[in-house]
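K.L.:
The primary structure of each chain is shown beneath.
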Amino acid sequence: MGVSHRLRILVCFLFLATTTLPAQAPVSTGGRPGLLAVNAATPTELREWDARINQMVRARQFVALSSYPDPDIGGRTHETLAQYYQNIPVYGGSLSRQSAQGVSVSIIGNVFENISIDSAAALSANQIALRLAESTGARLVGDAPQLVIFPNLDGAYRLAYRATMSDLKTYIVDAATGSVLLTIDEIQTQTQIGTGTGALGDAKKMSTTQVAGGFRAHDQLRPAPIRTFDTRGSELALNRLLVPPGAPVEGDYSVDADNTWADPPVVDTHVHAGWMQDYLFKQVSWTGIDNRRGTITSAVHTGLINNAFFIAPPFGADGGGMFVYGRTTGGTPMTTLDVVAHEMMHGVTNASLVQRTGMGLLGALFIDRFGPTAVTVGGSSLSCDSASVTIAGRQLPMLCNAGRFVLVSNYPGAINEGFSDIFGIAAEFFHQPAGTGSMQADYKLGEDLAGLGAARAADAPASMVAMPSSLGTIPYPDHASRAFSFMAAIAVGTTSNPIAITPVPWVLVGDQVAVVPSADAGGVHLNSTILSHAFYLAIEGGRNATSGLTVQGVGAANRAQIERAFFRAMTVIMPNVPSMRIAALATFQAAVDLYGANSTAAVAIRQAMQAVGLMN
Amino acid sequence: MTRLLNLTPIVLIAMLASASPAVAQTGTVLGRGFIVVNGGYQVTGNDFEKTSTLRANAEDGSFTSEYEVKGGPTFDVGGGVTLSRRFAIGAGLTRFSRSTTSSLNGSVPHPFYFNHPRTVTGDVIGLSRAELAVHVQAQVIAPVGPRLQFTVFGGPSFFKVDQELVTDFTWVDSYPFDEASFGTASTLSADGSSIGFNAGVDVAYFFTQRVGIGGLFQFSRASVEIEGAAVSQDVKAGGTRAGGGLRLRF
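In order, the protein sequences belong to chains C and V.
Following this note's numbering, the numbering of the first sequence begins with 1 at its first residue and continues without gaps.
Following this note's numbering, the numbering of the second sequence begins with 1 at its first residue and continues without gaps.
Treat the hints as calculated values from the structure; they're not laboratory data.
A few of these clues could be false.
Here are the in silico distance ranges between beta carbons for each label pair [claimed, not checked]: (1) Ser518/C to Thr121/V: 57 to 63 Å; (2) Tyr175/V to Glu250/C: 24 to 30 Å; (3) Gly74/C to Ala230/V: 50 to 56 Å; (4) Pro517/C to Asp173/V: 32 to 38 Å.
Using 20 Å as the maximum straight-line C-alpha spacing, the simulated EDC-like pairs for lysine to aspartate or glutamate come out as follows [said to hold, decoys possible]: (5) Lys50/V to Asp162/V; (6) Lys50/V to Glu164/V; (7) Lys205/C to Asp178/V; (8) Lys205/C to Asp60/V.
Every residue, glycine too, gets a C-beta built ideally from N, C-alpha and C.
Please build the complete structure, drawing on both the sequences and the hints.
P.N.:
Okay, here's the thing in structure tokens:
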């Protein structure tokens with residue numbers, strides 16, 4: 001069976017990320033037929049796309065979801081349009097158009113072309129919900145399953161349902177067969193590995209609420225209230241809060257008798273959540289997580305080890321999302337300022353995308369490239385067509401393209417993590433003096449976790465070990481060319497009929513396969529350093545070790561310009577399923593919007609994105 | 001302090017009552033009494049400042065009130081008795097009262113951050129200030145002809161000061177609480193007394209043997225600790241005063 005036929009029914013949402021995207025022109029991604037990544041900025045392009053969009057709006061192929069004034073620039077308006085096909089939303093199809101006095105300034109996003117399928121679903125929403133409940137053991141939360149047009153890798157489309165279940169996952173399910181096409185983990189994690197002891201012993205102020213008999217970690221002074229729950233190691237309590245309706249009880253609150261708090265996880269979480277809210281408000285004019293004063297809820301003493309995560313609505317306390325913090329194996333609370341700010345930025349990312357597009361930053365695997373036909377694993381040569389991998393006790397065939405290994409990455413996930421790292425760092429610089437000591441601001445993430453050390457370094461990504469592997473340690477990438485690409489296996493289906501794929505913890509190094517401990521959901525943390533390194537270069541300047549390109553940064557005194565540009569890129573411009581290049585272009589566009597094309601900030605960002613291989 | 005005030009009129013009355021007429025060649029009546037009534041102006045200001053601590057937002061703050069006690073009108077009355085052609089003893093009572101302004105400069109702790117105080121400034125107007133002084137004077141009299149008389153005097157002074165002090169204040173702030181503005185002030189009256197001194201010169205011109213007018217230049221000073229409820233403050237009282245008025249002798 002030909003490659004094209006095998007891939008035609010591949011149901012995972014894949015893009016070719018290796019496509020070179022001219023900085024100022026609408027381009028097709030090429031490798032994914034039918035997908036058009038739009039980035040129109042010149043008058044000619046804008047005119048063409050305006051006409052095209054207007055035509056599609058009249059034809060009900062695009063629907064305006066929202067239109068709102070620019071928070072930073074007077075007279076600017078942002079319009080978000082979602083793609084529809086016969087009144088059914090197209091998964092990942094969205095455009096963000098900003099205009100000044102009615103004239104378009106930029107148009108960025110994804111358009112899926114040549115959709116032609118039967119929009120009548122064989123299975124009903126109820127049937128899908130029942131099937132999912134049977135297969136997952138979870139129950140439906142939120143709305144009934146919604147029909148979507150789901151793009152296949154080869155340009156074909158599939159009618160599917162999108163349903164979110166109480167197991168903290170969202171499923172894309174084939175409306176004809178009931179097969180799960182894509183599973184999206186709603187938990188966005190911040191993983192830390194290591195050991196440590198105690199908290200840092202610094203004195204902080206707690207904004208609390210007095211109640212009968214004591215005080216509650218409930219900050220009602222800030223525009224978005226902050227409450228910190230203590231699940232006291234109870235998995236039952238944590239699940240009750242996580243799973244809709246997530247109804248909290250009185251006993252969930254962290255409390256103290258005399259308002260002199262001596263529980264470091266509670267103190268750090270509660271205070272740092274406030275500090276991050278302050279940062280967002282003062283530096284980037286954003287209120288709370290959702291910019292709508294929604295309550296910010298965190299949970300500590302969760303029993304979580306070496307991890308912290310954000311879970312988006314409808315999960316979390318009162319269905320409003322939640323930040324969940326654990327501790328290291330050494331007992332150190334994973335609640336340092338940068339970690340808390342990192343998680344909260346996940347919340348901001350999700351909220352802003354949902355408000356603009358109806359969905360968050362969607363996890364999706366991009367095809368990076370096609371590898372060799374055979375690789376060496378542990379000294380043995382494996383050809384793609386005959387290779388398989390055992391995952392969770394199941395032997396899965398490898399995904400091949402013309403006999404070549406298909407290498408994939410989850411770039412939206414890496415962008416999500418990268419932006420969270422960036423604003424974890426930014427919050428540090430806002431609140432702490434610059435330096436390398438404890439409670440001092442630097443470009444590392446998690447460096448204050450006692451006994452554990454930094455997880456990533458935006459200033460020198462390659463100085464940190466990303467993962468051990470069978471071929472030795474592999475550093476974090478500082479350039480797109482060094483991005484982690486994982487081989488993919490067919491999770492559902494066969495080699496001739498691949499339905500769903502999963503990244504495999506196999507990384508290609510030369511013609512050998514380095515076996516790594518985890519595929520990191522497609523490299524979401526591993527590849528995040530490409531963007532965070534660009535952020536560093538745009539501020540501090542310097543030379544990218546891989547490309548050799550030098551960046552003239554704006555200087556530490558002007559870091560706010562870069563932070564605002566990155567923030568605007570995520571909250572105003574970023575489409576649902578961006579590639580790294582789209583993320584880079586969105587950031588550059590944001591800098592142009594704020595400061596002008598020839599501004600120091602815009603030039604620094606362009607140079608930084610070029611230095612890390614994300615812009616030409 | 002209270003006892004002193006109560007005694008003052010008695011002393012004056014006693015001095016006046018004991019005066020016996022003995023007219024000197026110069027016009028000075030030996031052994032007789034005299035009375036002076038003056039309106040005047042206290043030139044010297046007695047500005048002072050007080051720094052207080054406050055506790056807010058789980059942190060200590062402070063505020064400094066700078067009290068602008070400008071000079072102002074005074075009224076005094078006094079009298080005495082001549083002991084010889086050149087010497088007399090006397091006593092006087094001076095009253096000074098005016099409304100003062102306090103410039104408040106506060107450092108208010110931030111609700112979220114240690115060591116991030118907000119500066120609050122404001123003026124508290126209408127604070128009352130009153131000084132009552134009893135001056136006991138030894139006087140040296142220098143008559144110049146039958147009508148004109150110079151007198152140099154000096155002696156201890158008993159001061160009582162009443163001062164309204166700012167004890168606390170409110171401020172107005174809102175998120176992100178990086179700035180705060182002055183709201184209202186709480187005040188209380190503090191008082192105290194002390195002994196100081198006075199010295200000066202008086203020039204009198206008598207139209208008749210008993211009635212004249214005169215001018216006065218006096219400096220008086222005392223350091224007074226005023227106290228209120230849990231509040232105390234050292235202030236200066238008195239100062240340079242000039243005035244003029246009626247001179248009577250009998």
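K.L.:
Hint by hint, which ones does the structure fall short of?
P.N.:
4
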